[in-house]
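**Student:** Spelled out, the chains give:
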Amino acid sequence: MRKVRVSHNKNKLHVFYVAIFVILFLYVISIALPILFGLTTALKTQEEFLDNVIGLPYGAPWKWQWRNFITITEQFWVQITIIGKGRFHVTFWPMLINTLEYAVGSALIQALVPCLVGYLTSKFDYKFSKFVYAMVIVLMVVPIVGSAPSEMAILRRLNLFDTMIGNYIQKFNFLGMFYLVFYAVFKGVSNDILEAAYVDGASELRVMVQIAVPMVKNVLGTVVLLKFIDFWNDYQTPMLYMPSYATLARGLFALSHRSQGGAATVPGQMAGCMLLALPILILFIIFKDKLMGNISMGGVKE
Amino acid sequence: MEFAKKRVSAQIGKRNKLIFYTLMMALPIIQFIIFWIFVNINSILLAFRTWDFDRGDYVWNGLKTFGNVVNLFKEAPFMLSAIKNSVIVYLIGLVLGTPLSLIFSFYLYKKKILSGLFKTILFLPHILSALIMVLLYKYMVDRAIPAVHEMITGSAMKGLIANTDTRLYAILFYNVWTGFGTSTMMYLGAMSGISDSVVEAAELDGITPLQELWYITIPLIWPTFTTFVVVGFVGLFTGQMNLYNFYGDDAPYALYTFGYYLYKAAKEAAPLPQNYPDIAALGLCFTAIAAPCTLLLRKMLDKFGPKTV
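For the protein sequence lines, the chains are W and R, in the order given.
Number 253 in this note's numbering belongs to position 253 of the first sequence; there are no gaps in the numbering.
Number 108 in this note's numbering belongs to position 108 of the second sequence; there are no gaps in the numbering.
Check before you lean on any hint, since a few could be wrong.
Subject to a maximum C-alpha distance of 20 Å in a straight line, what follows is the list of computed EDC-like cross-link-like pairs (lysine to aspartate or glutamate) [claimed, not checked]:
no., chain 1, residue 1, chain 2, residue 2
1, R, Lys17, W, Asp200
2, R, Lys14, W, Asp234
3, R, Lys64, R, Asp54
4, W, Lys63, W, Asp51
5, R, Lys264, R, Asp250
6, R, Lys17, W, Asp192
7, R, Lys14, W, Asp200
8, R, Lys112, W, Asp289
9, R, Lys111, R, Glu203
10, R, Lys267, R, Asp249
11, R, Lys14, W, Asp125
12, R, Lys112, R, Asp196
13, R, Lys110, W, Asp289
14, R, Lys158, W, Asp51
15, R, Lys6, W, Glu195
16, R, Lys111, R, Asp249
17, R, Lys17, W, Asp125
18, R, Lys6, W, Asp200
19, R, Lys267, W, Glu195
20, R, Lys74, R, Asp57
Simulated from the structure, these hints should not be mistaken for lab results.
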C-alpha cells in the first residue's frame, strides 16, 4: 500500500520542478540563440549582415559565405612590441603552434602533478603527507590578491619570464581542487592490489606507473581534457607572463578589439569565434559524459 | 637467520619507499616553495620597496608605496565605481547565482525531464571561451535585439551595451547568465553522493521537493557549499566582471572593478619592473581585508549553517 503511494509521488510532477523546468528551458533558449546568431552571422557578408541582422543568410546553403572561415585566418594576427625584441607580427599558424604548445603542455602538467602528489600523499602514510593535505585545504580558502607582479619579478630573476619553459614550471603545481579529487580517488584504490604487486617484486615506480595510475586513468583523462579546454581558451595568463607567445585566443581578442588596419567585420569576428570554438566543441561532443560526469571534490562517482 | 633476513629486507623496503617518496615529492614541493611561498613573501617585500633606476634593482622605501595606494583611493576617477561594481557583482552572484545553481543542480540530480540536455547547456558556457561568449552576447544585445525591437515596434533602439544607461545591467546579467557551469556541476557531484536510503525514507514520509532540498540536500552538501561561498569571496577583489573581454584595455571608468584594474595594471606593468611595487602594495591591502573576512565568513557559515554528520 505504502509502495503505491511512493510511486505515485515520484511520478507526480511537482510545481517546484515545473518552475525550475521553465527557468531552465528559457535558459537553454537564451544560450542557444546567441550561438545560432553567431553561426548564421559567420556565414554572411558584412553588407548582408547590415541588411539582414537576424535572418538566415540569403540564398541556398551552398551559396552562404563559407569562405569566411578561411579568409578570417588571414585576419588572425597580433602585433607585439617587446622591449629589447622590438615589434613583430604573429600570424595564424604560429599562433596555432603556440596554442598547442601552451594548452597541451600545461594541461598535461596540471593534471599529472596533482595526480602524482595525490597518489603519494594518499598512499604513503607519512606525517608530511597529512601536512600537505591539510595545507592544500587551508590554502584553497586563503585569499591572495595581487601576487602577479611578484611572480613576474621572480620569473625575470630566473630568466624564465616570457618563455614556454617558464610557463611549464609555473604550472608545475599541485594546489587546488584536482589534487583533492586525485587524493580521494587514490584513497578509494584498494591497498591489497598494490601490496600484491610489492610481493611480486615490483618497484615503487612500477607500482605507481603500471598499477595505481592506470586505475585512475578515467579521472586523469577528464582532468587533462578540462585543463586543455581552460588553456585553449585562456589568453590573459600568457598575455601577462609570456607576452611574445600569442595564442589563438589572443588572436581572437586582438581581432575583436582592433579598430583600424584590417579591423574584422561582424561576420568575420563571428567566424573567428566559431573557428576557435570548433575544436573544443568536437572534444565536448566526443567526451561529453566524461567531462560533465563524475568529478567531485569528494572523488569520483562511478 | 631467516627472521633476520626478513627484517633487513623490510628495512630496505621502508628505506626505498622513503627515497622514492622524497624524490617524487621534491620537484612539486620545490615549485611550491618558489612559486607560492617565495612569491607571496616577495610580494609583501615588494610592497615596501621601490625601483632604483641607478642600481637597476629594488631598494627599501618604507611606506611610500602605501601612500600611492591611499592616493589611488582618494584620487583615481574610477575608484568609487570600482568599489560599487565589485560589491554589486559579488552580491548578485551570491544572492542570485548561488540559489539558482543550487536549484538547477537539484533538478539535474533528481533526473527530471530533459535534465541531460539542461546539463549539457549549463556546461556549455564553461567550456566555450569567455571571450567567445562575450562576443556572441555583445553582438546579440547590441545588434540583434535592437533589430528585433525595430521590427516589432518600428522604432530604433540603442544596443544594451552601447547604451551607457543599460550597459552595467547588461554586463551584470551576462555574468550571472554564464556563471552557473562550475558551481552547478560541483553541487551536482556533491548531491550525487547523498545516500539513496536517506532520500527514500524522506519520500516515504511524504516530503515535498522543496523540503527535500532545504532539509536534506543542502545540509548534506553544506561543506561543498561553504567551500564555494568562502572561496568565492576573494572574487570581490579579483573578479573582472568580464570587462577585459568586453572592452580590452579601454573599459569605461564607470564599469571598473578591482579585479579589472588589478589585471590591467599588472599587464601594463609587466615590461616595467619599476611599476611592480605599487600593484603589490594594492594587492597586499586587498589581502589584508579579504583574509580576515574570509575566515569570518567561514566561521559564520559553520556556526549558523546546518549541522551535518
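**Student:** The structure should be examined with respect to each hint, and the outcome stated for every one.
**Tutor:** Hints versus structure:
1. R:Lys17 with W:Asp200: holds (16 Å)
2. R:Lys14 with W:Asp234: This hinted pair is violated, its Cα atoms lying about 44 Å apart.
3. R:Lys64 with R:Asp54: holds (19 Å)
4. W:Lys63 with W:Asp51: This hinted pair holds, its Cα atoms lying about 17 Å apart.
5. R:Lys264 with R:Asp250: holds (10 Å)
6. R:Lys17 with W:Asp192: Since the Cα atoms of R:Lys17 and W:Asp192 sit roughly 17 Å apart, the hinted pair holds (cutoff 20 Å).
7. R:Lys14 with W:Asp200: holds (16 Å)
8. R:Lys112 with W:Asp289: holds (18 Å)
9. R:Lys111 with R:Glu203: This hinted pair holds, its Cα atoms lying about 16 Å apart.
10. R:Lys267 with R:Asp249: holds (10 Å)
11. R:Lys14 with W:Asp125: Judged against 20 Å, a Cα distance of about 12 Å means the pair holds.
12. R:Lys112 with R:Asp196: Measuring from Cα to Cα gives roughly 16 Å; hence the hint holds.
13. R:Lys110 with W:Asp289: holds (17 Å)
14. R:Lys158 with W:Asp51: Holds. R:Lys158 to W:Asp51 sits at ~17 Å (cutoff 20 Å).
15. R:Lys6 with W:Glu195: Within the cut-off at roughly 16 Å; holds.
16. R:Lys111 with R:Asp249: Distance of about 44 Å is beyond 20 Å: violated.
17. R:Lys17 with W:Asp125: Given that 20 Å is the threshold and the Cα spacing comes to 11 Å, the pair holds.
18. R:Lys6 with W:Asp200: With a Cα-Cα distance of about 15 Å, the restraint between R:Lys6 and W:Asp200 holds, given a limit of 20 Å.
19. R:Lys267 with W:Glu195: violated (51 Å)
20. R:Lys74 with R:Asp57: violated (29 Å)
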